[in-house]
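Undergrad: Sequence:
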Amino acid sequence: MTMMMKSPGRSVALSESTATRKPPCLSYLALHALQHRGQESAGIVSVHNNILQSITGVGLVSEVFNESKLDQLHVDIAIAIGHVRYSTAGSSMLKNVQPFVAGYRFGSVGVAHNGNLVNYKALRNKLEDNGSIFNTTSDTEVVLHVIAISKHMPYRGG
1 MTMMMKSPGR SVALSESTAT RKPPCLSYLA LHALQHRGQE SAGIVSVHNN ILQSITGVGL
61 VSEVFNESKL DQLHVDIAIA IGHVRYSTAG SSMLKNVQPF VAGYRFGSVG VAHNGNLVNY
121 KALRNKLEDN GSIFNTTSDT EVVLHVIAIS KHMPYRGG
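The opening position of the sequence shown corresponds to residue 1 in the UniProt record's numbering, with each subsequent residue numbered one higher.
Note that these hints are calculated values from the structure, not bench results.
Please note that a few of the clues may not be correct.
Capping the alpha-carbon separation at 27 Å, the derived lysine-lysine pairs in DSSO-like fashion look like this [stated by the list, open to error]:
(1) Lys-121 to Lys-95
(2) Lys-151 to Lys-121
(3) Lys-151 to Lys-126
(4) Lys-126 to Lys-95
(5) Lys-95 to Lys-69
Assemble the whole structure, with the sequences as input and the hints as a guide.
TA: Rendered as C-alpha cells:
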C-alpha cells in the first residue's frame, strides 16, 4: 500500500510492504518510486524477533540506503513501513526522520505519519503538562505519546 498527500508546496509519501520475502527491499523500491514526494529524508522499519529495527537518514533514498543497509533489516514478520519526507511540521533534522520507533509498556511501536495534525500544538502542550518528554519537533511524535498513554492493548493482527 502506498499513500501520498500533497498540499501547496509540501509532499510526503508512505509505503507499507507485506510479502513473503524481503519487505524492506520492497519498501525501498516503493520509496525510490515515490522519491519525488519527499527529498529531505527516508526511513524503513521492519520486525525481527519481535524487535523493531529501523534505518533512517537525511537525504535521498539512494543516499540513505544501500544493499548492505537493507540486509541489516532482517525480518520474521513479512511487513515493513517506509517513509520519505518533505517537512510540513518540524525542522529538517535527523531526529525528525520517520518512521519513529519507541518502546512503551505493551512493547514497541513504529509510526510514520503523512500530513499535519491540526491540533498538534495543543496536544503537545497538554502531553508536556502531564510529564511527556519530546525528542523531536515533529507532530508525528505526538502520535507515539497518544499510543503510549492508551490503556487499551494494541491490535496484534491475526
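Undergrad: For the pair we were handed, Lys-121 and Lys-95, check the Cα-Cα distance against 27 Å.
TA: holds, 18 Å
Undergrad: Within 27 Å, alpha carbon to alpha carbon, are Lys-126 and Lys-95?
TA: holds, 22 Å
Undergrad: Given the hint that Lys-151 pairs with Lys-126, test it: the Cα-Cα distance must not exceed 27 Å.
TA: holds, 18 Å
Undergrad: Tell me if the straight-line CA distance from Lys-95 to Lys-69 falls inside 27 Å.
TA: holds, 19 Å
Undergrad: Between Lys-151 and Lys-121, is the straight-line Cα distance small enough, at 27 Å or below?
TA: Given that 27 Å is the threshold and the Cα spacing comes to 23 Å, the pair holds.
Taken one by one, the earlier hints all hold for this structure without exception.
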